[in-house]
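*Asks:* Chain by chain, the residues run as shown.
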Amino acid sequence: EPEVTQTPSHQVTQMGQEVILRCVPISNHLYFYWYRQILGQKVEFLVSFYNNEISEKSEIFDDQFSVERPDGSNFTLKIRSTKLEDSAMYFCASSLFYEQYFGPGTRLTVT
Amino acid sequence: DQQVKQNSPSLSVQEGRISILNCDYTNSMFDYFLWYKKYPAEGPTFLISISSIKDKNEDGRFTVFLNKSAKHLSLHIVPSQPGDSAVYFCAAVGRETSGSRLTFGEGTQLTVNP
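Taken in order, these protein sequences are the chains called A and B. Number 526 in our numbering belongs to position 29 of the first sequence; there are no gaps in the numbering. Number 253 in our numbering belongs to position 73 of the second sequence; there are no gaps in the numbering.
For the record, the hints were derived by calculation from the structure and aren't laboratory data. As the structure is a computational prediction, the values presented were derived from the model and not from experiment. C-beta atoms are modelled at their ideal positions from N, C-alpha and C, and glycine is treated no differently. Be a bit skeptical, because a hint or two may be false.
Claimed, not checked - Straight-line alpha carbon distances no greater than 27 Å define the calculated DSSO-like cross-link-like pairs of lysine-lysine that follow:
1) B:Lys-218 <-> B:Lys-236
2) A:Lys-554 <-> A:Lys-575
3) B:Lys-251 <-> A:Lys-554
4) A:Lys-554 <-> A:Lys-539
5) B:Lys-251 <-> B:Lys-185
6) B:Lys-218 <-> A:Lys-554
7) A:Lys-539 <-> A:Lys-580
8) A:Lys-554 <-> B:Lys-185
9) A:Lys-539 <-> B:Lys-236
10) A:Lys-575 <-> A:Lys-539
11) B:Lys-248 <-> B:Lys-236
12) B:Lys-234 <-> B:Lys-185
13) B:Lys-234 <-> B:Lys-248
14) A:Lys-580 <-> A:Lys-554
15) A:Lys-539 <-> B:Lys-185
16) B:Lys-236 <-> B:Lys-185
17) B:Lys-251 <-> B:Lys-218
18) B:Lys-248 <-> A:Lys-539
19) B:Lys-248 <-> B:Lys-185
20) B:Lys-251 <-> B:Lys-234
21) B:Lys-218 <-> B:Lys-248
22) A:Lys-575 <-> B:Lys-218
23) B:Lys-218 <-> B:Lys-185
24) B:Lys-251 <-> A:Lys-539
25) B:Lys-234 <-> B:Lys-218
26) A:Lys-539 <-> B:Lys-218
27) B:Lys-236 <-> B:Lys-251
Claimed, not checked - Simulated DEER-style distance windows between Cβ atoms:
28) A:Leu-536 <-> B:Pro-259: 30 to 36 Å
29) A:Val-509 <-> B:Ser-231: 39 to 45 Å
30) A:Val-509 <-> B:Glu-222: 19 to 25 Å
31) A:Thr-504 <-> B:Arg-197: 39 to 45 Å
32) B:Ser-254 <-> A:Ser-524: 33 to 39 Å
33) B:Thr-225 <-> A:Glu-556: 25 to 31 Å
34) A:Ser-563 <-> B:Val-258: 41 to 47 Å
35) A:Gly-569 <-> B:Ser-231: 27 to 33 Å
36) B:Lys-248 <-> A:Pro-567: 38 to 44 Å
37) B:Pro-259 <-> A:Ser-563: 45 to 51 Å
Said to hold, decoys possible - Output of the computed footprint for chain A on chain B, the stretches with three or more beta carbons under 8 Å from beta carbons of chain A:
38) 221 to 228
39) 283 to 292
Okay, chain A solo, but in the shape it has when bound:
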């Protein structure tokens, strides 16, 4: 069964450093998303991506964040200058319609 994959599973970085989280969505899906879950809190929407451009972003997704689909398979989330409060699980998801399929997540720890 096709699945969404994410790398790395765990990323530790120092405050102020740039990180890139990678995702390979399900191949025939058209919509791509990033969500995050801070420990003990809800899963929060960050951004959606369709037809090679951002279709929606939340208030969390400020200028420090960017997304890219550099080729036909990868979908990346870049955080330019990480802050302590960026520590969270980051989930990539993809969909054809409403049902979104999630990857296993990347645990980002900012020290």
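Chain A is fixed; fit chain B onto it per the hints.
*Replies:* Okay, now just chain B, sitting in the frame of chain A:
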């Protein structure tokens, strides 16, 4: 942001019995609802969904009920199995958003005891 709320942080049931997980929403623009299951250190796994034009959808042991007038949905698992022990999230999608952002509830930890 309290648009989707799961008021019970935890639920414990015996194997073989019914599990009922509840979810309330406030935004009347939501028109599609989904349930996800999540194990520790894994991503949410899609379980079942329902459109606002329906009041029930069934898939094997899982049934979702939607009461639009009460802005309430529930997930029934019958019979419950120990492998069902996980965190269950309800999520909603609204007509007004392109790209179909999901708005999640807080989750309910279900424990099924053998």
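*Asks:* Run every hint past the structure and note whether it holds.
*Replies:* Verification of the hints:
Under the criterion of a C-alpha separation no larger than 27 Å, the hint pairing Lys-218 (chain B) with Lys-236 (chain B) is consistent with the structure, at around 23 Å. Under the criterion of a C-alpha separation no larger than 27 Å, the hint pairing Lys-554 (chain A) with Lys-575 (chain A) is consistent with the structure, at around 14 Å. Among the hinted pairs, Lys-251 (chain B) with Lys-554 (chain A) is consistent with the structure: their alpha-carbon atoms are about 26 Å apart, no more than 27 Å. For the given pair, Lys-554 (chain A) sits about 17 Å from Lys-539 (chain A) by alpha-carbon distance, which is consistent with the 27 Å threshold.
For the suggested pair Lys-251 (chain B) and Lys-185 (chain B), the alpha carbons sit about 11 Å apart, so the restraint of at most 27 Å is met. Of the supplied pair hints, the one linking Lys-218 (chain B) and Lys-554 (chain A) holds, its CA atoms being roughly 24 Å apart against a limit of 27 Å. As the CA atoms of Lys-539 (chain A) and Lys-580 (chain A) are separated by approximately 19 Å, the hinted pair is consistent with the 27 Å bound. For the proposed pair Lys-554 (chain A) and Lys-185 (chain B), the alpha carbon gap of about 22 Å is at most 27 Å, so the pair holds.
At most 27 Å may separate the alpha-carbon atoms for a hinted pair to count; Lys-539 (chain A) and Lys-236 (chain B) meet this at roughly 26 Å. Simply put, Lys-575 (chain A) and Lys-539 (chain A) have alpha-carbon atoms about 21 Å apart, close enough for the 27 Å limit, and the pair holds. For the hint pairing Lys-248 (chain B) with Lys-236 (chain B), the CA-to-CA distance comes to about 11 Å; that is within 27 Å, so the pair holds. A distance of roughly 21 Å separates the Cα atoms of Lys-234 (chain B) and Lys-185 (chain B); the hinted pair therefore holds under the 27 Å criterion.
Taking the CA atoms of Lys-234 (chain B) and Lys-248 (chain B), the gap is about 9 Å. The hint holds against a cut of 27 Å. Pair hint Lys-580 (chain A) plus Lys-554 (chain A) holds up; C-alpha atoms about 19 Å apart against a cutoff of 27 Å. About 10 Å separates the Cα atoms of Lys-539 (chain A) and Lys-185 (chain B), which keeps this hinted pair within 27 Å; it holds. Distance hint between Lys-236 (chain B) and Lys-185 (chain B) is fulfilled; the C-alpha atoms sit about 20 Å from each other, no more than 27 Å.
Our distance criterion of 27 Å between C-alpha atoms is met by Lys-251 (chain B) and Lys-218 (chain B), whose separation comes to about 24 Å. A C-alpha spacing of about 23 Å is found between Lys-248 (chain B) and Lys-539 (chain A), which places the hinted pair at or below 27 Å, so the restraint holds. Note on Lys-248 (chain B) and Lys-185 (chain B): the hinted pairing holds, with a Cα-Cα distance of about 15 Å set against a maximum of 27 Å. With a CA separation close to 13 Å, the supplied pair Lys-251 (chain B) and Lys-234 (chain B) stays within the 27 Å bound.
A distance of roughly 26 Å separates the Cα atoms of Lys-218 (chain B) and Lys-248 (chain B); the hinted pair therefore holds under the 27 Å criterion. Our distance criterion of 27 Å between C-alpha atoms is met by Lys-575 (chain A) and Lys-218 (chain B), whose separation comes to about 25 Å. With a C-alpha separation of about 17 Å, the suggested pairing of Lys-218 (chain B) with Lys-185 (chain B) holds against the 27 Å cut-off. The hinted pair formed by Lys-251 (chain B) and Lys-539 (chain A) meets the criterion: a straight-line CA distance of about 20 Å does not exceed 27 Å.
Pair hint Lys-234 (chain B) plus Lys-218 (chain B) holds up; C-alpha atoms about 25 Å apart against a cutoff of 27 Å. A distance of roughly 12 Å separates the Cα atoms of Lys-539 (chain A) and Lys-218 (chain B); the hinted pair therefore holds under the 27 Å criterion. The hinted pair formed by Lys-236 (chain B) and Lys-251 (chain B) meets the criterion: a straight-line CA distance of about 14 Å does not exceed 27 Å. A C-beta distance of roughly 33 Å is found between Leu-536 (chain A) and Pro-259 (chain B), which places it inside the suggested range of 30 to 36 Å.
Between Val-509 (chain A) and Ser-231 (chain B) the beta carbons are some 42 Å apart, a value that agrees with the proposed interval 39 to 45 Å. Distance hint for Val-509 (chain A) and Glu-222 (chain B): a CB-CB separation of about 20 Å, consistent with the stated range 19 to 25 Å. With their beta carbons about 40 Å apart, Thr-504 (chain A) and Arg-197 (chain B) fall inside the hinted range of 39 to 45 Å. The hinted window of 33 to 39 Å between Ser-254 (chain B) and Ser-524 (chain A) holds, with their beta carbons roughly 34 Å apart.
Distance hint check: the CB atoms of Thr-225 (chain B) and Glu-556 (chain A) are about 27 Å apart, consistent with the given range 25 to 31 Å. Separation of Ser-563 (chain A) from Val-258 (chain B) is about 45 Å and conforms to the stated range, judged on CB atoms against 41 to 47 Å. Against the hinted window of 27 to 33 Å, the Cβ-Cβ separation of Gly-569 (chain A) and Ser-231 (chain B) comes to about 31 Å, which satisfies the hint. About 42 Å separates the C-beta atoms of Lys-248 (chain B) and Pro-567 (chain A), a value consistent with the hinted range of 38 to 44 Å.
Separation of Pro-259 (chain B) from Ser-563 (chain A) is about 47 Å and conforms to the stated range, judged on CB atoms against 45 to 51 Å. Counting residues of the region 221 to 228 of chain B whose CB lies closer than 8 Å to any CB of chain A gives 6, which reaches the minimum of 3, so the coverage claim holds. Counting residues of the region 283 to 292 of chain B whose CB lies closer than 8 Å to any CB of chain A gives 5, so the stated coverage by that chain holds, three being the minimum.
In this structure, every one of the numbered hints holds.
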